[in-house]
Every structure is written in structure tokens, then in C-alpha cells.
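Protein chains: 2
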Amino acid sequence: MTNSSGSRYAYRMYNVKPSAIRELMKVTRQPDVISFAGGWPAPELFPAKEMEKVCQKVLKEDGAYALQYGASEGYQPLREFIAGRMSDKGIDITADNIFITSGSQQGLEYSAKLLVNEGDVVICESPTYVGAIGAFNPYLPKYVEVPMDEKGMIMEELEKALIENPKAKFIYTIPDFQNPTGVTMSGERRKKLVELAGKYGILVIEDSPYGDVRFEGEKLPPIKYYDKEGIVVYLGTFSKTFCPGLRVGWVAAEPDIIRKYVLIKQGADLQVNSLAQREVVTFAKMYDFDGHVNKIIDSYKSRRDAMLDAMEKEFPTNIKFTHPKGGLFTWVELPKHIKAMDVFEKAIEAKVAFVPGDSFFPNGGDKNHFRLNYATMNEEKIIEGITRLGKVLKTL
Amino acid sequence: MTNSSGSRYAYRMYNVKPSAIRELMKVTRQPDVISFAGGWPAPELFPAKEMEKVCQKVLKEDGAYALQYGASEGYQPLREFIAGRMSDKGIDITADNIFITSGSQQGLEYSAKLLVNEGDVVICESPTYVGAIGAFNPYLPKYVEVPMDEKGMIMEELEKALIENPKAKFIYTIPDFQNPTGVTMSGERRKKLVELAGKYGILVIEDSPYGDVRFEGEKLPPIKYYDKEGIVVYLGTFSKTFCPGLRVGWVAAEPDIIRKYVLIKQGADLQVNSLAQREVVTFAKMYDFDGHVNKIIDSYKSRRDAMLDAMEKEFPTNIKFTHPKGGLFTWVELPKHIKAMDVFEKAIEAKVAFVPGDSFFPNGGDKNHFRLNYATMNEEKIIEGITRLGKVLKTL
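Quick mapping for you: the protein sequence lines, in order, are chains A and B.
According to full-length UniProt numbering, the first sequence is numbered sequentially starting from 1.
According to full-length UniProt numbering, the second sequence is numbered sequentially starting from 1.
So that you can see chain A by itself, here it is in the shape it has in the complex:
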């Protein structure tokens, strides 16, 4: 049935397509498939036992509030906890700069809702997070992709894009262990990016879900650290350092921008789960939050090592891949004559899965990359999966 206008759905829905990754998940959830596809953290690292005690404490001491409606900006002690952690990184910030979201995916979607008119330009890395493309797409932006090298977005290319697109709405970047490439933006470029954003009068959306999951090397300050004009909007989340199922993330920005996000939330879904917000703070009070993150880091580091070692051994030498210093992903580059989709089809037959690279390019057209997640599977499965994948690659 359609009404007399001929189309039941809003035309933005033409730009809302199934998430490639989420659809793939359905295939890869068979128990005998070794999946390097999803961005799911390792479940054995969730503090389920501790969370029993956390929930009990929250409900016993604060049950009536934990189950009730709460403020759209978020639970005040959680805002303070996050502001404290960000201050520790040298950022000048208070609870008033923090807005709690249902994961940083919601931060992405609200950012587009706040900023993007149909046809507005969004400048992003090439490639970029497929979920950001999915969050932005309903607001019908145009994407201008900026090439990257091993130090992240290339600043000369960014400036060219800014000059060519004077009305661009924001620069979207994932500076730490980028999804999908695993590449980290250098400190120098972070500073330069803020300078360029200031010069060309454009907001920066800094998406840092993996920033705290660094295995080695010098800790770099967030892009927000260099921001003196209030032009960087930082998106954070507890999904990779704690528990994604709780859906707790945040936006850190100037209070006048935060107020706009709050208005969006009042209309969209009122607030984040009151109990979940208290669970995060109470876990941090009862246990050692950084100690928990360090456990995740240790585990993912071993898994990264296992995967990269296995790739060195099992992959043909004409296959290149990145060496991430943190996060969840490595990015594989195939020789021009091998197509990622052909590898994918044969890999699925061999019961190993990953995400072909094309969907990470908002304007499409890539055929020769794929993304591997080393965080979800244990070392044994990683070695077995990479061995299977190596065999597939050798046949092509």
C-alpha cells in the first residue's frame, strides 16, 4: 500500500541501506566460522561477575532513581567521571561539556542531524568507518574523501578539500587506530588539523572509540587537546573499554553545542538508560577501571601479535597490511588483479570471514582491500583462520 503521493517512505530512506557488516554477521554467526568480520570485543573480557555486584549496589542504594526517568544530558556523576578522565589527558573540560549518548554511534547520528542539510559536504578519511557513513546517510550529505598515509589523513589533501568545499559542514576523523585501517594520526597532524579547521571555519568531529586501547608507543593527545576555539566535538564510548551491550557513550564539546545535542535527545529518545549510566560509574568506584582496560589491552595485543605473525607466515608476499599499535583492526591491501569480493566468497567456503573494503569508502569504487578484526577470536582460532585465509589467497 502507498498513499496517493505514490511513495510510502520518506525519500531519505533511499539512502538507508542494510549495513554490510551487520548483514554479514548473519552468515558469520555459524559456530564453525572463524570470523574476523565484526567489531565486537572479546566477550570473555566482560566483567560479568563484577557487574553482578555493581547492579546489586546500584539497585540497593539508588533503585528508585536507577529505574526512573532522568536528565537528557545524562547522569551527573557519570558526566563528572568522564570529564575527569578527559581532563587527565590535558583537555580543559568539566561535566557541562559532556552529553551522554547511547554509544558513540548515536553521537555520530546526532551530529549529522544537528549539522547536515541535504547536499552538505562532509569531509572524511578515505577509507572511513562504515557505521559513520550509515549514521550520516539519512541526512543526505555528499562525501569528500581525503587520502591517508601511515600518519593518517594527509594535511595538504585536507586543505585542498577545504578550499574546494568552502561550505563543508564538518571534518570527520578517527585519529586513533582508525577503523578500518588501524592507522593513527601523528601528533603534528592533529595540531595541524585544528589549525586548518580554525582557518576555514569548520567543525571537527573526532571519533575515538579505540583511543584508550593502545598496545605500545607514545600516547598522543586527542585532537580536542589542541582545540582552543571550541571547534572540536569529541565522541567517546565505553563499548570497547567496558561493555558495548550497555550502550553508553558521550559527546564532549562546548556547552552551547552540548545544549543542541540535548534538544535532539529530548525529541529522539529522551535519555540513556538510567541504570546503565549508574553501572558504569559504580563499576569505576568499586573496581579499577584502568586495570580493566589494561586487561583488554594485554589480550588484544597478544591477538594482534598472533594475527600479524600468522599473516607474515601464511599470506603471499604480494599482500600488504597495516601494523596497528592499538584498537581492533588491520587493513589488508590486495594486488590489483585480486578482488576482495572474490577472496570473500572463497573465504566463506573455507569458513573464515572478514569485511570487504568497499563499504568503507563512502563514494565506493574500492575493490582491493579488506578489514580483519583480531580482537574477538582467541590466538588459536586466529592462527587457524589466517592459515585458511592464506590458502585462499594463494589460489588467487
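Watch out, some of these pointers could steer you wrong.
No distinction is drawn between identical chains; accordingly, a pair holds when it is met within one copy or between any pair of copies.
Derived pair list, reagent style DSS-like, types lysine-lysine, alpha-carbon separation capped at 30 Å [stated by the list, open to error]:
| no. | residue 1 | residue 2 |
| --- | --- | --- |
| 1 | K53 | K191 |
| 2 | K142 | K167 |
| 3 | K199 | K60 |
| 4 | K60 | K301 |
| 5 | K57 | K260 |
| 6 | K391 | K325 |
| 7 | K381 | K60 |
| 8 | K17 | K49 |
| 9 | K191 | K336 |
| 10 | K351 | K313 |
| 11 | K219 | K192 |
| 12 | K260 | K367 |
| 13 | K346 | K394 |
| 14 | K336 | K313 |
| 15 | K285 | K167 |
| 16 | K346 | K285 |
| 17 | K295 | K57 |
Hints are computed from structural coordinates only; laboratory data are not their basis.
Given the structure of chain A, go ahead and fit chain B onto it with the hints provided.
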């Protein structure tokens, strides 16, 4: 700072205003104010003690999944539980018809995102839920308001609106104990509404947050019960029958429509809190869900009685108000010469709060109504608050 286009924010933000109710909340949260303003359920009815056991069970038996990412459509046993409860109302429905949302507010927002192009007509009751207006506004609809009487939306007026607006996108209705009026749509009109929607080829969004909170009188089937063509989208929630802080609601619709909602969720916030979804199902397994709802009904019924009795005694006789058979609200009509905002200002001085009626009319212009919530305060406070309010009204 604005970029060179002159405006930092998307133009939809001109239509995103502070929620009157949420802003009022700030005043009314002072402990000595008796507030009949918010739509907040009575917190002493939350099963906090039981929830301790529920959380423990979920985390012990299913911790790795309860803290992990999950399916965008929702946790399968919760979808089945909801489908079962709706089937008990005579609706032909399975889990495939159910999509889990972060409260029914999110169902409203997604419905607009799915259906509304700028300038599209939304047909609604006059007055209607202020939060629905807030959810729809960013998508820049036009509102056509249909007058109500004591049996709900007047069908002749609805048909007139449908004829005058052949491209209208959907009819939005709250048939049960409507917010703000407390009015319930008659069974005959529910059937007629579905007939008219079918005849004019338009979807119906049936919003029923209070449907299960009936104090007395015959239970009426949801509008969805009469729907044989799959044109009714039903929005439900556990916020009024269980715990709003968990943010768990649902959409019930045809599977092809459900798939579109799922696509929106994949881009917007991935999924609802995995732990919260399990908490609802596990509570229902461990305890008597309907028994819990009956406790809420008993409590709210006493409070409604206390409020209506006090209003009969304390209000001047030229003040009219509705006699709701369920839900949380009564709707007060003032004589033309008394303005709700004047009453509000004097009431705040007398430390009693409510929501002036104007914001419930999407096209504005009302001066002579206000909404009272009888569910949050206990009988003693209700009587004291209504007495204060009666004094204010007598001075005007």
C-alpha cells in the same frame, strides 16, 4: 564560529525547541514543590528489590551476551514475549512483527524519520502528546489537528482532514487514556479509523503507552486489532507498566515495515541495551508481570480518585476537567477569561506545578487548558496540591 555558509547548524534545528515539560521539570524538582507536571511514574512502584535478583540471574546465566552487542531488531526472547502479550489481545502477530526501541519516544522519532519529508502532513488529535510533536518536528512536517470529544478523535472531522490532505503521511493517535486529555477512543471509532485509513491509503501510528493501565470499564482492543491490511504501526513501551529508566519499548508492524525500522536503528544507535532487554524478559519469568501492572493500576486509581475528588471540592465550578478511566492524566479546561499561563505563574508561587496546555497543540494558540498528572504524588500531596491550586484558581 560559523563556517562560510553562514550557519553552523542544519536548518531543521530551527524547529527543535526546548521541551516545555523537560524545562519545567527543572523548576519543579525543588523538594517543596508539589508537581503534577511530568509524566513520571511513581518511583515507589518500581520493583527495585526484585530487579536485584533479576540482574543477578541475567549476569550469572547470560553475562557474556547481556554485556555484548546484539541484534538491531532486538533480543529474540523479548520480541517473543511482547508478541505473546499482544496476541493475548487478539492481534495476529509473531516475533517477526516486533522491533525493540529505546522507549516508545524512539518509536515516534523513527516513524517520522521513516515517513516524513519536509512539508508532509501529519494528522493528529487536537491536543496531542507534546513529545510526539518534539519527535516529529526535526523532519519538518505540517500538522493537521482533528478535534476530539469524549469518545476521542471525531471521525467525520478525520475524514474531512483526509480528503483535504490526500498526501498526508500518517494519522497519529493515542487511543487509550490520551496524553494530555485522558480521553479514550471508543471501540466503534477504532474500527472506523482503520476503515478510513484503508480507504484513503494512509498509515496509522497507534501510540499506546498507557493501554494496560486501565482502572475500570470494558477493555477495548487496540486499533491494530482491526487492521487486516497491515496499515497500523503500534508503539508500545514498558515505561509505564515497568521501569522507564530501562528505556525499553517496541514497534509492532508488518515485517516489511519492521525491516525499515531496523535499518534506521543500524545507522542511528545499533540496538537497545542488551542487559535491559534481558531484564524485562527475566523479570516476567521470575515474577508475575500482570500482578505488577495490577499494583500500578491500584495505586494510580486511588490517586486519580483522590485528585478528582479534591478537584470537585476545591476547584471553582466553572472549571471543567476530564474523568479518565486509566493512564496518568486529567485535562483541565478554564473559562475563556482565565489564561493557563497566568494560573501557572501563580501556582508556581504557591509551590504547585502542572503543564500549561498550549504545547500540546502542534499549531499552538490554546490558552485555556492545562494537564495534571495524578500518578507521581501520593494522595496526601495530591490533596494538598489541589487545595493550593484551587486557591489560586479562586483568585482569578
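Please sort K219 with K192 into within, between, both or neither, judging by C-alpha distance up to 30 Å.
Within. Shortest intra-copy distance 18 Å satisfies the 30 Å Cα cut-off; inter-copy 66 Å does not.
Using 30 Å as the alpha-carbon threshold, which applies to K295 and K57: within, between, both, or neither?
Both: 24 Å inside a chain and 25 Å across chains, each within 30 Å.
With 30 Å as the alpha-carbon cut-off, assign the pair K351 and K313 to within, between, both or neither.
within (20 Å within a copy, 75 Å between copies)
Reference check for the pair K346 and K285, CA-CA at most 30 Å: within, between, both, or neither?
neither (48 Å within a copy, 44 Å between copies)
Give the relationship of K199 and K60 under a CA distance limit of 30 Å: within one copy only, between copies only, both, or neither.
For K199 and K60, neither the intra-copy (52 Å) nor the inter-copy (54 Å) Cα distance is at most 30 Å.
Is it within a copy, between copies, both, or neither that the alpha carbon of K285 lies no farther than 30 Å from that of K167?
neither (45 Å within a copy, 55 Å between copies)
Alpha-carbon proximity between K57 and K260, which holds within one copy, between copies, both or neither at 30 Å:
neither (34 Å within a copy, 39 Å between copies)
For the identical chains here, do K346 and K394 meet the 30 Å Cα criterion within one copy, between copies, both, or neither?
within (11 Å within a copy, 81 Å between copies)
For K53 vs K191, is the C-alpha pair at or below 30 Å within one copy, between two copies, both, or neither?
Result: close neither inside a copy nor across copies, 43 Å intra and 50 Å inter.
How do K336 and K313 come out at 30 Å by Cα distance, when the copy is not named: within, between, both, or neither?
The answer is within: 21 Å in one copy meets 30 Å, while 84 Å across copies does not.
Intra- versus inter-subunit Cα pairing at 30 Å for K142 with K167
Both, since 11 Å and 29 Å are each at most 30 Å.
Please sort K260 with K367 into within, between, both or neither, judging by C-alpha distance up to 30 Å.
Answer is between; shortest inter-copy Cα gap is 28 Å, intra-copy 39 Å.
In the structure shown, a violation is registered for the earlier hints numbered 1, 3, 5, 8, 9, 15, 16, in ascending order.
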